[in-house]
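**Student:** Start from the sequences, fold in the hints, and give me the full structure.
In case you want the letters, here they are:
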Amino acid sequence: MVILETKGIGIHFGGLKAVSNVDFSVEEGSISAIIGPNGAGKTTLFNLIAGFYTPTEGTVHFKGKDITKMKTFERTYMGLARTFQNINLFRELSVMDNVLLGLHTKTKCDPISSMLNLPNKLKEERESRKKVMETLEFLNLDHYVNEKAGSLAYGLQKNLEIARAIVSHPTVLLLDEPASGLNTNDLETLSQGIVTIRNSGITVVLIEHKMDVVMSISDKIAVLNFGEKIADGDPGEICSNPEVIDAYLGKDEE
Amino acid sequence: MKTFHKIYRVSRIWILLLFALTLPYWIPNNYYLQVANLGMIFAILTLSLNILAGYTGLFSVGFIAFYGIGAYTSAIVVTRLGWSVWVGFLLAGVVSSLFSFLLGLPTMRLRGMYFAVATLAFGEITYQVFLNWTSITGGTKGIKGVPSPEFFGISLRPYSKYFYLILIVLVIVILLTRNLINSRTGRAMLAIRENDIAAEAMGVDVPKFKMIAFLIATFFAGVAGALYGHEVRYVSPESFVNAESAAVLAMMVVGGIGSIPGSILGGFVLTMLPEYLRFLGNIRLVIYGAAIVAIIIFAPKGLGGLIEWIDGLLSGTIKRGTHKKITEKVEDKNGHS
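One line per chain: the protein sequences are A and B, in this order. Going by this note's numbering, the first sequence opens with residue 10, and the numbers climb by one from there. Going by this note's numbering, the second sequence opens with residue 78, and the numbers climb by one from there.
Hints listed in this document are in silico derivations from the structure and should not be mistaken for laboratory results. No residue lacks a Cβ here, since even glycine has one placed at the ideal position from N, Cα and C. All clues stand as given, with none of them false.
Incomplete in silico selection of chain B near chain A, CB under 10 Å: (1) 253; (2) 256; (3) 257; (4) 260; (5) 283.
**Tutor:** Now the structure itself:
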């Protein structure tokens with residue numbers, strides 16, 4: 010079943026067509042990847058899906074609903090979570106608070122009970138903190154629970170962003186270059202982690218340049234070039250597609 | 078050393094409370110006692126501004142307006158309608174929040190400086206209304222004869238008694254603020270301050286939570302204003318000029334942005350300091366200004382940061398020489414592994 014879909018979506022910044030007429034669909038329970046050269050419009054497509062940009066053409070559908078006009082936070086409430094290319098953590102807040110914020114859509118305590126520490130707030134806090142600890146353990150961040158997010162090493166910050174995005178168990182997780190800046194050992198862990206996340210029932214969409222990660226875990230790959238989709242299919246099809254090799258993958262000269 | 082840390086950790090809150098409860102006996106001079114009361118009222122006001130600016134990142138430059146609205150609301154309903162002072166206090170908060178709601182509707186979508194400028198304008202408008210709506214506010218002459226509250230027949234008019242009323246309100250505001258920060262709402266506010274794009278990605282309805290912060294902050298500010306009106310028993314426009322807003326901002330910065338102990342210290346110290354420096358004549362204002370600059374340079378996290386650091390040393394949560402906080406959780410973990 011298609012869980013997330015864009016139909017003829019596009020956005021123009023003045024004369025620049027950043028994304029143009031892209032049909033992109035994601036099967037529920039799959040891992041999909043978006044690849045393409047720098048400036049091809051991959052992150053822009055993410056921003057259109059997540060609601061940070063309003064498209065100038067086309068529509069976005071999520072869980073069978075047209076969400077094109079919805080605000081970002083409403084899409085998050087529907088179960089669309091994301092990470093950012095250049096890490097968007099709450100740097101001055103603790104690791105715990107960062108991941109607790111990931112539970113914002115799953116909690117509902119009102120300001121008055123919050124201020125009065127009423128039983129419903131205390132219960133919700135207890136449950137939230139427990140859930141956060143579980144997620145932190147899964148991503149090996151439990152030792153850093155009280156550290157400031159901004160003081161963590163780069164790789165840990167990337168993990169923390171994933172923790173914050175998956176703690177609410179979203180329907181779809183958008184990962185924007187999760188592997189950038191990681192060393193080879195961490196890449197293997199990351200790939201396994203993404204598969205584990207998918208196996209827990211979260212559909213994953215990722216933008217990535219590291220081809221070994223993309224090819225080893227993706228069920229489907231879409232290729233963007235100059236804002237247009239030039240191909241999609243399973244890893245085997247993409248590898249052998251001449252247009253993709255020309256635009257992005259390059260020829261293996263050795 | 079360990080036993081000392083333990084004793085300190087258990088006793089610090091009681092020592093603080095004992096000090097607060099006996100403060101009127103430490104300051105026998107009635108004039109200075111009034112200044113101390115004013116200092117505590119400003120501590121409440123600074124704390125409310127901190128909810129807005131320190132925690133939510135919404136810099137309000139005309140914050141004194143809400144304090145003024147609170148003071149006038151209570152003074153008007155008590156002197157003109159003969160309502161109870163206690164109702165006046167509550168209404169001061171409610172009406173102040175109501176105005177922030179009306180101001181918030183168009184401005185909550187504005188970012189950064191735009192909101193600051195909007196509040197600056199609001200502060201000026203409010204001042205002009207206090208000054209010119211003579212039939213209600215008494216104009217330049219203000220409202221005289223604002224009564225002191227009574228508590229089961231005991232008049233709280235003496236400063237040494239009114240002190241305890243302010244102290245109770247201050248403690249309540251501290252507790253409510255602390256609980257708020259450790260909650261879903263509080264974290265949403267902090268998230269907006271830190272990174273509003275990421276906050277939105279977390280599902281935070283940014284304008285709504287800005288509004289919530291604004292309503293809470295101005296409620297407390299309104300109550301603080303009413304406390305002020307019934308303390309000095311006279312309300313007039315010059316107490317609410319925009320320069321006073323700058324003073325409250327200074328209190329927040331000197332105390333430490335986003336710090337509860339900082340807000341209290343900032344409000345208290347910056348109210349007391351000019352009075353205690355009075356013997357120096359006009360040069361005191363220079364020293365006052367220099368003191369603010371010195372604190373900002375040498376204690377970038379303000380007096381609150383300084384106090385938290387000393388507190389950390391005494392309670393043993395900070396190791397000497399390093400500024401790194403060692404949390405109990407991590408200590409436990411390392412102990413086990």
